[in-house]
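*Asks:* Given only the sequences and the hints, what does the whole structure look like? Please build it.
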Amino acid sequence: ETGVTQTPRHLVMGMTNKKSLKCEQHLGHNAMYWYKQSAKKPLELMFVYSLEERVENNSVPSRFSPECPNSSHLFLHLHTLQPEDSALYLCASSHDRAPPGAKNIQYFGAGTRLSVL
Amino acid sequence: GQNIDQPTEMTATEGAIVQINCTYQTSGFNGLFWYQQHAGEAPTFLSYNVLDGLEEKGRFSSFLSRSKGYSYLLLKELQMKDSASYLCAVRPLYNFNKFYFGSGTKLNVKP
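Residue numbers (my numbering), protein chains in the order written: chain P, 153 to 269; chain H, 28 to 138.
No wet-lab data here; the hints were simulated from the structure. Fair warning: there could be bad hints in the mix.
[What the hints assert, rightly or not] Residues from chain H that keep clear of chain P, each with C-beta distances beyond 10 Å, as calculated: (1) Thr50; (2) Glu83; (3) Gly85; (4) Ser88; (5) Arg118; (6) Lys125; (7) Asn135.
[Unchecked claim] Each pair of labels, with its calculated beta carbon distance range: (8) H/Ser54 to P/Arg265: 31 to 37 Å; (9) H/Thr38 to P/Thr232: 39 to 45 Å; (10) P/Pro235 to H/Thr71: 29 to 35 Å; (11) H/Ser54 to P/Met167: 33 to 39 Å; (12) P/Thr168 to H/Asn30: 24 to 30 Å; (13) H/Ser54 to P/Glu205: 20 to 26 Å; (14) H/Asn57 to P/Glu205: 19 to 25 Å; (15) H/Asn30 to P/Pro160: 33 to 39 Å; (16) P/Ala254 to H/Asp79: 17 to 23 Å; (17) P/Val207 to H/Met107: 38 to 44 Å.
Glycine included, C-beta positions come from ideal geometry on N, C-alpha and C.
*Replies:* Here's what the structure looks like:
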């Protein structure tokens, strides 16, 4: 148990569906992240929220829409996805700012395995 | 650009020692992290290096050479449960919240 919980663990959706991924952290962190993990490729950072404000958006298509209503919850809203969006979507959290020399480790959830048909 | 390289896959025998290498080229450097990820599970933090040298934590050790852009993760007394993917991640100097990950090294431990 890493303190970061993602639901659902598995999701199958058609290209015209709308669904949402949920992430919740119980670590007292104030920064949260969405990553995409595809087979044999590096984790790709999608979005970063710091103190509930989006501070990073790595050229992600608009069919992915993040939402961070408070420092403990993060959502990824999905609509009109493409088959190439099938991947493992990982959420992570960390402290936004840590004292000099601190590690500022990111803690990950187990991910949502998404299949787009 | 950012470039993190790791071997794709390695195989080692139970009880042995294995070294997983990671080389990186990034815009500035502010720490290197190793994570372990079992299939279907969350990546979990293993080690952190920001200064040159060796960090030891039980059966796992991690080494860093900033001048060479090089790190390795050393696993001793391998156990079957060590079969997993090992991810190397580098934090650049200019963005405290941004990690650049390698593709991961899948380690197979055989009896």
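*Asks:* Would you mind marking each hint as holding or not holding in the structure?
*Replies:* Evaluation of the provided hints:
With a least CB separation of 14 Å from chain P, H/Thr50 remains clear of the 10 Å interface cut-off, as annotated. No Cβ of chain P comes within 10 Å of the Cβ of H/Glu83; the nearest lies about 16 Å off, and the non-interface call holds. Every CB of chain P is more than 10 Å from the CB of H/Gly85 (nearest about 17 Å), matching its label as outside the interface. Taking the minimum C-beta to C-beta distance to chain P, about 17 Å, the non-interface status of H/Ser88 holds against the 10 Å cut.
Look at H/Arg118: its CB is around 8 Å from the nearest CB on chain P, not clear of 10 Å, so calling it non-interface is violated. The Cβ of H/Lys125 does not lie farther than 10 Å from every Cβ of chain P; its closest approach is about 6 Å, which violates its non-interface assignment. No Cβ of chain P approaches the Cβ of H/Asn135 within 10 Å, the least distance being about 15 Å, so the stated non-interface status holds. Distance hint check for H/Ser54 and P/Arg265: the Cβ-Cβ separation is about 32 Å, which falls inside the suggested range of 31 to 37 Å.
In this structure the supplied range 39 to 45 Å holds for H/Thr38 paired with P/Thr232, their Cβ-Cβ distance being about 42 Å. A hinted range of 29 to 35 Å holds for the C-beta pair P/Pro235 and H/Thr71, which are about 30 Å apart. For H/Ser54 and P/Met167, the hinted distance range of 33 to 39 Å is satisfied, since their beta carbons lie about 37 Å from each other. At roughly 38 Å, the beta carbons of P/Thr168 and H/Asn30 sit outside the given window of 24 to 30 Å.
At roughly 23 Å, the beta-carbon separation of H/Ser54 and P/Glu205 lies within the given 20 to 26 Å, and the hint holds. Between H/Asn57 and P/Glu205 the beta carbon distance is about 22 Å. The supplied range of 19 to 25 Å therefore holds. With their beta carbons about 34 Å apart, H/Asn30 and P/Pro160 fall inside the hinted range of 33 to 39 Å. Here the CB-CB span from P/Ala254 to H/Asp79 is close to 19 Å, well matched to the stated 17 to 23 Å.
Taking the beta carbon of each, P/Val207 and H/Met107 are about 41 Å apart, inside 38 to 44 Å as hinted.
Checked against the numbered hints above, the structure violates hints 5, 6 and 12; every other hint is satisfied.
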